[in-house]
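Top line first, the protein sequences correspond to chains A and B. Quick note on numbering: the first sequence equals residues 550 to 774 in the numbering used here. Quick note on numbering: the second sequence equals residues 32 to 331 in the numbering used here.
Just so you know, the hints here were simulated from the structure itself, not pulled from any lab data. As the structure is a prediction and not an experimental result, all values here were calculated from the model. All C-beta atoms in this analysis are idealised placements derived from N, C-alpha and C, irrespective of residue type, glycine included. Everything hinted at is true.
Just so you have them, the derived chain A footprint on chain B, three or more residues with Cβ under 8 Å:
hint, segment
1, 172–179
2, 213–225
3, 298–306
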Amino acid sequence: MRTTVPVAIAFVSGIIMLVSFFFRTEDNVFGDASQQLLIWSSIIGGFSFLLGAISIVRVNWRNVRLKKSGWGYNLLTVLAVFAMLVPALIKKGWLPESMAHLAGRDAGSIYDWIFIYVATPMSQTMFAVLAFYIASAAYRAFRARSAEATLLLITASLVMLWRVPMGEALLNSIHPGLPGWINTYVMSGINLSVQRGILLGAALGAASFSLRILLGIERTYMGRG
Amino acid sequence: MATPRAKRDPILPAWRTALYALALMAVDAGVVAAQDQPATAEPLFRVDRINALIAILVFGTAVTLYTRWAKQGKPLYIRKLAGLDAIEEAVGRATEMGKPVLFIPGLQELDEIETIAGVSILGRVARITAQYETPLIVPVRYPLVLAAGQEVVEQAYREMGRSDAYNKDTVRYVAGDQMAFAATVNGMLMREKPAANIYMGAFFAESLVIAETGNAAGSIQIAGTARPEQLPFFIAACDYTLMGEELYAASAYLSHEPMLLGGLKGQDLFKILLVLVIIVGIVLMMFGAADTFLSWFTIT
Chain A
550 MRTTVPVAIA
560 FVSGIIMLVS
570 FFFRTEDNVF
580 GDASQQLLIW
590 SSIIGGFSFL
600 LGAISIVRVN
610 WRNVRLKKSG
620 WGYNLLTVLA
630 VFAMLVPALI
640 KKGWLPESMA
650 HLAGRDAGSI
660 YDWIFIYVAT
670 PMSQTMFAVL
680 AFYIASAAYR
690 AFRARSAEAT
700 LLLITASLVM
710 LWRVPMGEAL
720 LNSIHPGLPG
730 WINTYVMSGI
740 NLSVQRGILL
750 GAALGAASFS
760 LRILLGIERT
770 YMGRG
Chain B
32 MATPRAKRDP
42 ILPAWRTALY
52 ALALMAVDAG
62 VVAAQDQPAT
72 AEPLFRVDRI
82 NALIAILVFG
92 TAVTLYTRWA
102 KQGKPLYIRK
112 LAGLDAIEEA
122 VGRATEMGKP
132 VLFIPGLQEL
142 DEIETIAGVS
152 ILGRVARITA
162 QYETPLIVPV
172 RYPLVLAAGQ
182 EVVEQAYREM
192 GRSDAYNKDT
202 VRYVAGDQMA
212 FAATVNGMLM
222 REKPAANIYM
232 GAFFAESLVI
242 AETGNAAGSI
252 QIAGTARPEQ
262 LPFFIAACDY
272 TLMGEELYAA
282 SAYLSHEPML
292 LGGLKGQDLF
302 KILLVLVIIV
312 GIVLMMFGAA
322 DTFLSWFTIT
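The shape of chain A in the complex, shown without the other chains:
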């Protein structure tokens, strides 16, 4: 029963979505059913955020309680969860008029302030750090230890030069056709054909995997089989 019911639900839902692709969906049962399924999926997704909030608080609070290494960070995480959650849930009418703007999620609220001045800059900082990670990964990947690695190093150097205006000007000074040659043969030729090969395989793999789920052969996503 624990396997049959989910497999049946997956089969019926999958078939509805598949059939609706081949029929006009305006004002008919196929369109209505597929739309309903998408709405249900959004509703379930919305409710599931409660599970996420419970999980994040429980895991971090346990570390605080047991005073595990780095428990200060866990405490900060729990405080951050409530610092954003509670003011966002408070109704403006519950607070005195002078403090009403702090509640809710509008501009000027605590939620908005934390989002703009704490969450967004931290997120952008993490993204900016990516540049350093690229440098360290590139150093490792481009070490010319073999013929293939040397070829990769030369190709990557040419592409990187071509990607920046100063490098493009340099390549142009060597030979006016060089930037165009890199674009045509390296990026649109070798690179694109390999990418398409991978994409083709991935699309077929996804289709095959979906079919296995639809037919109930693949049950590993439920922890069974």
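For this one, chain A is given, so just place chain B on it according to the hints.
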């Protein structure tokens, strides 16, 4: 009044019939005085997508046939995937070192097929960690993935007879924001120093941030994604990388179940057909006669 005449419209496809109405236009006023709205008689079934239906039927038949043959016990050759063979070795290393295994099932929602593939592989990995009694950490970005991941890991521990070792916080929700997730995982990698990191699913810009930190932490790293733009990052930072379709083949490969392996062989057969179609298309294109042929493979 003139008798209506039927005329072929070159813009419309051959199967579609359309009824046109004439409209008088008052140019000065800029108003269109249409007597009747143009009405097109659209069939319920989308004939323009019949090529996709044929492809699904051929593909489905190939998968079903191979699955049946596999069920009958016919031997099927599946090439070795070094990345998947390395999973058990990586978990073994973690057991010897007394350190945990970290698994990330991608950063997409559960309605993405890559995430489902990641969760499937998680089940296999959880069986091995349950068998070796190795701690497992699974940070996730979406609560639905949390629920599915908890179910899969719990079932794996139950099937291995290690229900007592299952910890509900093995799979944990860490953050909904992409970079907040990356920062949390980086913190885990540097504090807990897992012996093995397995990344399977959909990854974006954070792929290198996480994989490079894992590399710095000295872990064995195995990654798998179907996104070509993230593959170079994983190849540079990880020990093994599953590319594209290998991610979807992983759960079947690890399970060694003939029925699942049959699905993979069916997929291979369809791929051969597709390669033949591409070759025919290239030849026809060289002779400038590929227009009709290409239209057979265009989905509107």
